[in-house]
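Take the sequences, apply the hints, and build the full model.
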Amino acid sequence: MANFDHETIEQHNVVARDIENARRYVALLQGTDSKTYADIAAGCYYGTSALLHEVIELRVLLNRDRWLLVRSRKRANKFLQGNEDAHIEALQVEYPYLQRMIAEILGEKVGIGELVKANASRLDFDKLFDSELDLPIFFPTDADIERARILLDRLKRFDRSKEHGTQ
Amino acid sequence: MVLSRYRILQTKNELGRWMDAGAVYERTYHDSPLVAVPVAGAGDVKVNWREWDDFAAREREFGAVEPPLEEYDKVFADHADRYCLSEEIYTIEGNSYKEIRARLYQRYVLDPAHEREEAERRVLTYEVPAERLLAAARAIRETKGDEPCLSG
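Protein sequence lines, in the order shown, are assigned to chains V and G.
If you want our numbering, it's the 1-based position in the first sequence plus 125.
If you want our numbering, it's the 1-based position in the second sequence plus 13.
Because the hints were derived from the structure by calculation, they are not lab data.
Because the structure is a prediction, the values reported are computed rather than measured.
Glycine residues also receive a C-beta, built at the ideal position from the N, C-alpha and C atoms.
Don't take each hint at face value.
[As the list claims (entries may be wrong)] When the alpha-carbon atoms are kept at most 30 Å apart in a straight line, the in silico DSSO-like pairs for lysine-lysine are as follows:
no., chain 1, residue 1, chain 2, residue 2
1, G, K25, G, K87
2, G, K111, G, K87
3, G, K87, V, K199
4, V, K199, G, K25
5, V, K281, V, K160
6, G, K25, G, K111
7, V, K199, V, K234
8, V, K160, V, K234
9, V, K160, G, K87
10, V, K234, G, K25
11, V, K281, G, K111
12, V, K281, G, K25
13, V, K234, V, K281
[To be verified] Derived list of chain G stretches under chain V, where covered just means 3 residues or more per stretch with a C-beta under 8 Å from a C-beta of chain V:
no., region
14, 57-71
15, 111-123
See below:
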């Protein structure tokens, strides 16, 4: 098992079965050569954010179709299209977590809007902006997005150094 | 009421046919300038993650508010063999951008899901003809039993 942020894993009651399900889910939809698969496998803080996303999304989906993980990729894809709220719920957990980790580890304040735009796309920003998220989400400038991208890179570098014991 | 302009996003399916798969619409966020934003299925984005990662990277290159709707094809340019936007620009009205996005999602992303539901219904109705065939066969057998043998 990858070296995840155990405090957060416990806080969200993520157990070994959740992690295995998330692995199977990402392999089913995106393949084992996907970026998400590699991010989760790498663990640490960034990997934890990717894992949290998939676990939260999958919990919602499995509640509605407990056989989802044995469906075909096409069928699973269609199911996710019809249950987009699962993806939005996952974004609502993933990004505040990344924001908190950047604040705690790097000591930098960053907005969720710029984090989403630096890490994902306008699609996800749009969904999160229109969701019932309690946290304020503002439209970022180009400079905000660039700064968020640099902070995310620093977090990933911190993860790698932690993994190699050079921190 | 909010009025938004949009273009339909099409993708080429495995049979080489162009199918509606979403839209790109214009909206603002609080007091932001007008921004063109794609609407696409979460599943499609996950399955075709390489392409959508490229689109996200391309969006970032253009900056927070560019390109405008008329030029949004630029975002899909590297995968123009699989993605295209309608030349026509349509308009849609709603009480909010949230409602507009939901309606575009329903119309252009979930429509193929209706095909799936129909496919599922076909599976269900399959049992009905099978049952009917069985009943018909039973009826024929019973009828044959009742009928006198013509050759006899």
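Status of each hint after checking the structure:
Our distance criterion of 30 Å between C-alpha atoms is met by K25 of chain G and K87 of chain G, whose separation comes to about 18 Å. In summary, the hint linking K111 of chain G to K87 of chain G is supported, as the alpha carbons are separated by about 25 Å, within the 30 Å threshold. Under the criterion of a C-alpha separation no larger than 30 Å, the hint pairing K87 of chain G with K199 of chain V is consistent with the structure, at around 28 Å. For the hint pairing K199 of chain V with K25 of chain G, the CA-to-CA distance comes to about 15 Å; that is within 30 Å, so the pair holds.
Between K281 of chain V and K160 of chain V the alpha-carbon distance is near 14 Å, which keeps this suggested pair within the 30 Å criterion. With a C-alpha separation of about 27 Å, the suggested pair K25 of chain G and K111 of chain G falls inside the 30 Å cut-off, and the hint holds. A threshold of 30 Å between alpha carbons decides the hint, and for K199 of chain V with K234 of chain V the separation of about 40 Å lies outside it, so the pair is violated. Distance hint between K160 of chain V and K234 of chain V is fulfilled; the C-alpha atoms sit about 26 Å from each other, no more than 30 Å.
Under the criterion of a C-alpha separation no larger than 30 Å, the hint pairing K160 of chain V with K87 of chain G is consistent with the structure, at around 24 Å. Taking the CA atoms of K234 of chain V and K25 of chain G, the gap is near 42 Å; set against the 30 Å cutoff, the hint is violated. This hinted pair does not check out: K281 of chain V and K111 of chain G have alpha carbons roughly 33 Å apart, beyond 30 Å. The straight-line distance between the Cα atoms of K281 of chain V and K25 of chain G is roughly 35 Å, outside the 30 Å bound, and the hint therefore fails.
Restraint check for K234 of chain V and K281 of chain V: satisfied, since their Cα atoms lie roughly 17 Å apart, inside the 30 Å limit. Restraint check on the region 57-71 of chain G versus chain V: 9 residues with Cβ-Cβ distances below 8 Å, three needed, restraint holds. Only when three residues or more bring their CB closer than 8 Å to a CB of chain V does the claim for the region 111-123 of chain G stand; here the count is 5, and the claim holds.
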